[in-house]
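Chains as they are written, first to last, in my numbering: chain S, 1 to 176; chain D, 1 to 330; chain H, 1 to 162.
Read the hints as simulated data drawn from the structure, not as lab findings. Beta carbons are placed, not taken as given, at the ideal position from N, Cα and C, and that holds for glycine.
The calculated label-pair distances, taken between Cβ atoms and stated as ranges, are:
#, chain 1, residue 1, chain 2, residue 2, range
1, S, I97, H, R158, 57 to 63 Å
2, H, F127, D, V327, 17 to 23 Å
3, D, L316, S, I21, 36 to 42 Å
4, H, A149, D, L282, 41 to 47 Å
5, D, L58, S, I21, 23 to 29 Å
Each chain, written out:
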Amino acid sequence: MKIFSDMTALMTGMWITWKHIFRRPVTIQYPEQRRQPYPRYRARIVLTRDPEGGERCVACQLCSAACPVDCISMQPAEGDGGRRYAEWFRINFARCIFCGLCAEACPTLAIQMTPDYEICTRDIMNLIYEKEDLLIDGCGKSADYNFYRHAGIAVTQPRGNGAEELPPVDVRGLMP
Amino acid sequence: MSYDPIDITLIGAKIALVFFVILTLAAYLVFAERKVLAWIQDRKGPNRVGPFGLLQPLADLIKLLTKEDFRPIGADKWLFYLAPAMAAIPAIMIFAVIPFGAPLTVFGHSVELQISDLNVGLLLFLALSSIAVYGVALGGWASNSKYALLGSIRGLAQLISYELSMGLSLVPVVMLARSFRLSDIVAAQSGCWFIVYQPLAFIIFLISIAAECKRIPFDLPEAEGELVAGFHTEYSGMRFGLFFVGEYINIIVLGGLAATFFLGGWHGPWLPPVIWFSGKVLAFAFLFIWMRGTLPRLRYDQLMHFGWKILTPLALVNILVTGWWLVLRG
Amino acid sequence: METYLFYILAVVTVIGTILAITEKHPVHAIVHLVTSFFSLAAIFFLLAAPLIAMFEVIIYAGAVMVLFMFVIMMLDPGRTDQAGRPGLRQWLLPAILGVIILVSIGVLAAGYVTAPHTSSAITVREFAVTLFRKYGVAIEIISMQLLFAVVGALYLGRRRAP
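So that you can see chain S by itself, here it is in the shape it has in the complex (with noise of 0.2 Å):
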């Protein structure tokens, strides 16, 4: 009979319900009780430092050129002995959708993703990072890692004199 099995779907929807009515409840109330994320939790983006204390941002714009949103823009410079540097650096945390291509793109691991997630404001204009807002102390993740103990700081020898590169080309030598 099609109605006693009808009559049966209804009441075991019925009884779940009325199980799930004791059950406990999953909410986190947050401002009293904060959960914590996890370590690799995308989050309020960060500049940090390598282990002697130097900046890790060689402002190589290859984050501003991930950004999907284009919040991060910067302006590279130059100091002693070649090695560069961001002038000023800024993120647009009211653009950005913490994805973390910025965090993936970085060759030196400079700019990192973290945890911290409580970032709102009244002022929209309070959101814009400079670079001293974003510029921590620490070293972030992966703390051993320098860039510059790999690569060094300054190109010690012309471009197309390596063992197995290429003399470069010319772009305007192309044109037709």
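Place chains D and H on chain S using the hints.
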């Protein structure tokens, strides 16, 4: 007719009491619904305003009162303003005939805990419940909005489908009690509740009142998923609040009627009658909330089919069987 | 007290009916008609016929008018406020019928004898006995007619083979 000042005062006091209790209960039913639904969904529900969120209805009321009273362009002004009242007033008027406790004796006067013991009380309920649909229909039509109009058409079609079976399911009750008077119906159940004799009529009535107060699984007129909010899409502020509160008053009143017709009204052992009555009403309210947390919404044609082709014939057969039974028993 | 109530309700009924006839918009006309039915029901109640009062509301205001409204909402009546009023030729026949009714009411009122005042309301039992014993055959004939109507509606609404 003689008008004894004490009688008039008592009637006034009863009306004031019923108004106060029903409106408060309706407000807290909204809160209870949010809480129970939250528990069903493994959440906590409103718990910020006051201890355990108990002042939430007050906060909702203040919010509704201070909101903008908006009227869409092209709306029919008078009907638009009239409709919420037409939805809420019949619902609360039905309570006038429900006996909610055993008669008391105050200052030497015997006071029935019932505002008006009308000899056609059951018919008054049917009349007012069919009038209540005008609030839905006119509100939706006057809003000059397609969702609201669709909602009110559905409301009308729904009323035509379930009202017949609701009326017919009450005929066996009248046959058993031999009266339309609600106090007689309650008195006839002092021995055995009618749900024992009439389980089928009770189920039909339960399904019909779920449709009457526009609750899931029969909430077609307001179907949030399809029609935004159905007939009250364009309403805001306290006019929306009137529709909303009217719906919950309807739950209380229909729960009280179901208790009166099938569960023996205020009859019950050990506890005071008023407690029994309110316990039964709240049990029905909980059942409706529980059903809302469980069941999906029916389709438009499914409801019509169910009402006309299943419930109405079943109710007619039930009347026939009850008649035979009464004749055979003598 | 009852007399004043009766006159107020009578005025409401008459005005509601007149508005229902003259109103061009069908939904407004229905609202006026429902108001009229409601006050008519209250008059029946004052005349110690509560059962009739309730049936007036249930059947006319609750069922018939709801069906009317359903149909009006389903079939958009369009710009009804631009519709013209009926001309003299359409008014003629209703006017003659109205005059006949008015005259007969006048004749009846002229030979009016005060009816014995029934102090108690007509009970449901008396009503039922009158309806099903005294006029039982008429009720059965009407119900047969309704059955024919139902069968006819089923025939019209049957699913035709494509």
